[in-house]
Each structure stands twice: as C-alpha cells, then as structure tokens.
Amino acid sequence: MATVSTVLNRERAPVPVPKPGSPRRRVLLLADIVGLSPTLLLYGLFIVVPVVFAVFLSFTSWNVIGTLRWVGFANWSRFFSDPGAHHALLVTLELVVFSWLVETPLAMALGLFIAGTQRYRSVYAAIYLLPLLLSTAGIALMWEGVLSPEFGGLAWFSFHLKLSFLNQNWLGSPNLTLYVLVVIIAWQFVPFHALIYQAGRRTIPNELYEAARIDGATLAQTFRYVTLPQLRYTVVTSSMLIVVGSLTYFDIIFILTQGGPGDTTRVLSLYMYDTGFLQTEFGYASVLAVVLAVLGIAVALLLIRATGFGKMDSGREGIS
Amino acid sequence: MSSTSLTPPAPEAVASRPAAARVARAHGGRTGRAGAPGASRVARLIAFVLGTVWLVIVLLPIYYMALASFRTQGQYLTGNPWLPVGGLSLSSYSTVFSATGLGTDFRNSAVLTLASIVIVVLFSLGAAYRIVRRGSRFAAVSFRVILFGLAVPVQAIIIPIFIIVVKMHLYDTLIAVILAASASLIAVAVLLMVNYVRAIPRELFDAMTVDGAGEWTLFTRLVWPMARPVLAVVSIFAGLGAWNNFLIPLILTQSNSNSVLPVGLYEVASTSQYGIDVPVVMAAVMLSVLPLVLLYFGLRRQFVQGLGGLAIR
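If you read the sequences in order, they're chains A and B.
With the first letter of the first sequence counted as 1, position 281 gets the number 281 in our numbering; the numbers rise by one all the way through.
With the first letter of the second sequence counted as 1, position 222 gets the number 222 in our numbering; the numbers rise by one all the way through.
Think of the hints as simulated: they come from the structure by calculation, not from any bench.
You may find that some hints are simply not true.
[What the hints assert, rightly or not] Each pair of labels, with its calculated beta carbon distance range:
id, chain 1, residue 1, chain 2, residue 2, range
1, B, TRP216, A, LEU302, 38 to 48 Å
2, A, GLY172, B, SER257, 28 to 38 Å
3, B, ARG228, A, ARG24, 28 to 38 Å
4, A, ARG24, B, GLY103, 48 to 58 Å
5, B, THR217, A, THR117, 40 to 50 Å
6, B, SER257, A, LEU208, 53 to 63 Å
7, B, LEU83, A, GLY84, 39 to 49 Å
8, A, LEU228, B, VAL53, 21 to 31 Å
9, B, SER257, A, SER164, 40 to 50 Å
10, A, GLY72, B, ALA151, 20 to 30 Å
11, A, LEU208, B, LEU83, 42 to 52 Å
12, A, LEU208, B, ARG301, 26 to 36 Å
[Unchecked claim] Some residues of chain A that are not near chain B, with every Cβ distance over 12 Å (derived):
id, residue
13, ARG69
14, VAL71
15, SER81
16, PRO83
17, GLY84
18, PHE98
19, LEU176
20, GLY259
21, ALA306
Here a beta-carbon is modelled for each residue, glycine too, at the ideal position from N, C-alpha and C.
Whole structure, please, built from the sequences with the hints as guidance.
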C-alpha cells in the first residue's frame, strides 16, 4: 500500500494537461475510458459491488430461494452473543499469533541465508520455492498422506524406529491439530517470506557492515544494530502479509479438518463458509465476512501506521 | 519494477583483521551471510547445516508424495514409505486418467488458466498505460478505486460473488470462475504493470508524439513492446493464481464437467471410492504440479518476480 502512495505522488502527469473542452482533452478522456473500462467493469462487478453487497446483506435475512427481509441489526447482535463466533475468532487469533511466531524467525533466517553469495545457496533458494508452486489443495493432500495415522510416513517412523511420539492422530486431536495446521501453513509460506527478507537484506548498503566491522562489532551486535533495524520495513511487510493471510486462511483447514475435531480448528472464514453455504444463512454469514474484511484492513492500516507510512516501499524493493 | 532481488550483491570487501573475521562469522552464523573471504569456516558450516535442514524439510513431504505415487495401493500399504523398495508401479497414474475424471479437470484448469492470463494481462496493461499517462482525472480516480481492492480478501466477498453469479445465470460455468478469478488477480496485476510502464522514459512518449503518434499508436508501438518482460511476470502471477485457485471454483461450480484441478483433487480424496487410495491421490497431485515445475525451472527469474506479486496483495 505504500507502493501505492509512491506511485500516486512520485511524478507529474506525463501528459501536458490540455484546456478543458479542447479536442485533445476529449481524445485523452476517450483513450482513458477505452483503456480502463474493461478492468473497471470486471473489477466493479466482482470486487466493488460485492463489498457493498456484503455490508448490505449483513442487515438482511436471506437464503437465496426465499424473499430477502430487512432485519436491521439483528444479525449483528447475534454475532455479539454467539459463542460459536467468539470461539471462531479465538481460534483465528491463535492461528494468526502462532503463524507469525513460527514463520517470522524462520523466514528471516532463511532469507538472510539465501541472500548470501555462495553458489549453492541460489540452488537451495530455487528448491525452497517449490511449495509455492503446489496448490493448497495439493499441499493439504500431500500432508494428509504423510500424517495419516496407520500407513503415513510419520507413523512408519514410529513403528520401525520406535519413535512412539510420532504416532499421533495428527489431524484429529483437539490439543494438537491447530499446531499441525500452523506447521503445514508455515511449510507453504515460509519460502515466500524468505524471498521478501532476501530482497530486504540485499538493499542494506554494505558500507554499514563495513562500519560495524571497523568498530569491532560482534556477531550479535551486528545483527542487533545493523541487520535488524535495516530490515524493519521488511519485517512490517512480511508480518502484515502473514497476519492478513492467516486471518483469512481457508483452503488447507477446509480440506484437512473441516474445522474439526469438534470446532477446535474452525476459524472465522470456515465458520462463515458453514453458515453461508451449508446453512444458507447469507445474512449472518455476511456479518462474519464483514468482520473478516474489517479485521484484515484494520491490521494492515495499524501496522503501516505504527511504522511510518511513506517509507514502506523500501521494504518492498526487489519484490515488485 | 526493481530487479534488486535478481542482481547479486556486491562482493564483500576482503576482511583481514580479527574484528572483521568476527563480523563475518556473525553473518555466517547468525544472519547466514557467510561467503565473505575471511569468514570463519565454522560459521559457514553452521549456515550450511541449517540451510540443508530446511532443504530436507521442504523436500521430505514432496519425496514421500512422489514415492507413494509410484505404487499401487497394495504396495503402499505394505512397503516402506521412505525407500523405493518393495516394488514400484505406474498404475496409479493411469488410474488418475482412466477412473477419476481428473482428465476433464486438467482441461478445465488449462482453459481457466489461459483465459485468466489473457484477460488479466490485456486488461491490466491497458489500464496501467492510461494510469501512467494520466490524461484525465478519470484515470486517477480509477486507479484509487482499483487500489482499494488490494485490501479486500476474496473470502470476505465470496457470498455476494456467488449471488451475483447465480443472478447472472452463470452458476456452474467455467466463465464465472474465469471472471471471478481474473477480478481477484487484476488489482495486483495493475500495480505490477504501473510500476513497470512508469519506468518507460518520458522522452520516448514525447518523441513519438512529436512524430504524430496518437494514443493507440503509443500503446501498440511503444508500451506493448517495452512491457514484454513484465508481461511474462504478470502472466506467471495470474497463471499460478488461476491454476491453484480453490475457493472460487469450489463455490461457483458444482458439476463434474466444470470442475477444475484443485477442487477435483479434493473431491477425489474425499469420496469414499478413492479416499483410501493414497497413491492415486498422490499421483494426481504430482500431475497437477508437474507443468508448473517444468515452467519454473525454465523461467525461474520471472517466477520469482511473479511470486513476488503476491507480496502486494
């Protein structure tokens, strides 16, 4: 979003602005309309209208077949007294926090590792990115195979190497499954965030490391006083993507657990899916959808605010 | 379009003093930046070991899946899941095509992906060109509207999208999936394109305008040819997004004839007939990722930038 502000403000209009009403002005306007309207139409129909529509639906009661009724704030007050929704919020929050805690250090370490110059590291980096090519459906099914209790890959270790702690009901245990999901999601997304950190590391001027060297900085000091502060916008970018991403995370959880066992992994997006598409309560599901969107946007704005708006693009260099 | 991530950093200055060696060690061990002359061998070794551990973590499940896919159900249940002993077979791959109906899903996914790429690339380049030219206020306002959508997660608007698609009588059609998937990708594509088109020197626009070129000629003779590299990047970004999309086709389609790969994989795995036949599921996943892996090793640079497009979503 900072890229946004820079794009908007960086340069003057390339086209000298013609007088209002002149033929040239009409040509430019026509060209703008021709160039932009396909995107705007598609975008308006499938993004802008749905956003407005979602807010509208949250004040109605509707199951697509019957008539649409205006119910005012009934859905919203239901949300505030619905233990299911509160639990879903809590699970979502856990997923966000644990994902951030697991992914951030790993991604940073790996990003700095693949920013190194040795040849083998770029080979490693190429392989690190493989999870990003797999569809989330593919990743879910692959892990289902690895984790399946009797014939899965981990179960084999537990039987043949006597590592009995590996024989767990990984995807069906109320105390464990959420963490398993966090690990699988980390497996999928750490490489992507490592890519962001790699780009961030490569924008740090070598002079800073030179200076630290001359000052006789130690291992920890160089990391603490050079690398980490220089990476702060990268950390913000990556954290924002982790937080917003895991707030709305759906695919892998839907495929692997459907929210179970019980409701221990039923995150907000899954609760919304169940409410909307299984119970066809589109009004109430829209409340959950709006909450999801508002949370995501709020977190993004908060993080940008907390760290300085206009400077964000430095953390993005090399990414876009 | 910065290419920082693709250019190797300047070689580290030669470190010869003890303090320098310590710093270099710091990079090797703590920040993983070994490789500087004088960096301690221990630090480089630690970085190598930790990097290799992650490599193994990445590859192990993929290896497990690959091995399982080359087995029959019987071999899978009795054999060692981690070593290629106890018999291998290609029968799961033929089952994927003969019995699961995934052949149709492959075709649908290919159509979805190609159509989405064409729509996203053409629409976003046209839009980016006008946004960068900024010939009228309309362009500036449009850009702000498009950017607003970067913050909207698809999950939050999937219900209205579903209703709109039903009302347009497009439910359970590939067209609906193509349009919705393209719409969900286009904001990022526009931003990538704008960043790139913006970098075309203004002098080129001016020179062509002086020569009498109109807006359309500028687009076809200047912007389109100059934008070739970013077209590949946006194509990969859009292609990955469309090929791997799960939620949109899950909600917007129903019948087998309109099913796409990720949803088809999920259905194959969750129906009772194949739910227990892990090798068939693994073979299907392998086949679904194969085209991407081949493309990836051919076009790594563009892939890395295309994947980076996800960062501004």
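Is 28 to 38 Å a correct range for the gap between the Cβ atoms of GLY172(A) and SER257(B)?
Given a distance of about 34 Å, which is inside 28 to 38 Å, the answer is holds.
Holds or violated: is the Cβ of SER81(A) farther than 12 Å from all Cβ atoms of chain B?
22 Å, holds
Minimum Cβ distance from ALA306(A) to chain B greater than 12 Å, as the annotation requires:
17 Å, holds
Within 38 to 48 Å or not, the Cβ separation of TRP216(B) and LEU302(A)?
44 Å, holds
CB-CB spacing for ALA151(B) and GLY72(A) relative to the 20 to 30 Å hint
Given a distance of about 27 Å, which is inside 20 to 30 Å, the answer is holds.
Hint says 48 to 58 Å; check whether the CB-CB distance for ARG24(A) and GLY103(B) agrees.
Because 55 Å falls inside the window, the suggested range holds.
Is 53 to 63 Å a correct range for the gap between the Cβ atoms of SER257(B) and LEU208(A)?
Distance hint for SER257(B), LEU208(A) holds at roughly 59 Å.
In this structure, is the beta-carbon distance linking LEU228(A) and VAL53(B) contained in 21 to 31 Å?
23 Å, holds
Are LEU208(A) and ARG301(B) spaced within 26 to 36 Å by their CB atoms?
28 Å, holds
Is the nearest Cβ of chain B still more than 12 Å from the Cβ of VAL71(A)?
16 Å, holds
Range hint 39 to 49 Å: satisfied by the CB atoms of LEU83(B) and GLY84(A)?
With Cβ atoms ~46 Å apart, the hint holds.
Does 40 to 50 Å hold as the CB distance between SER257(B) and SER164(A), or does it fail?
47 Å, holds
Checked against the numbered hints above, the structure breaks none of them.
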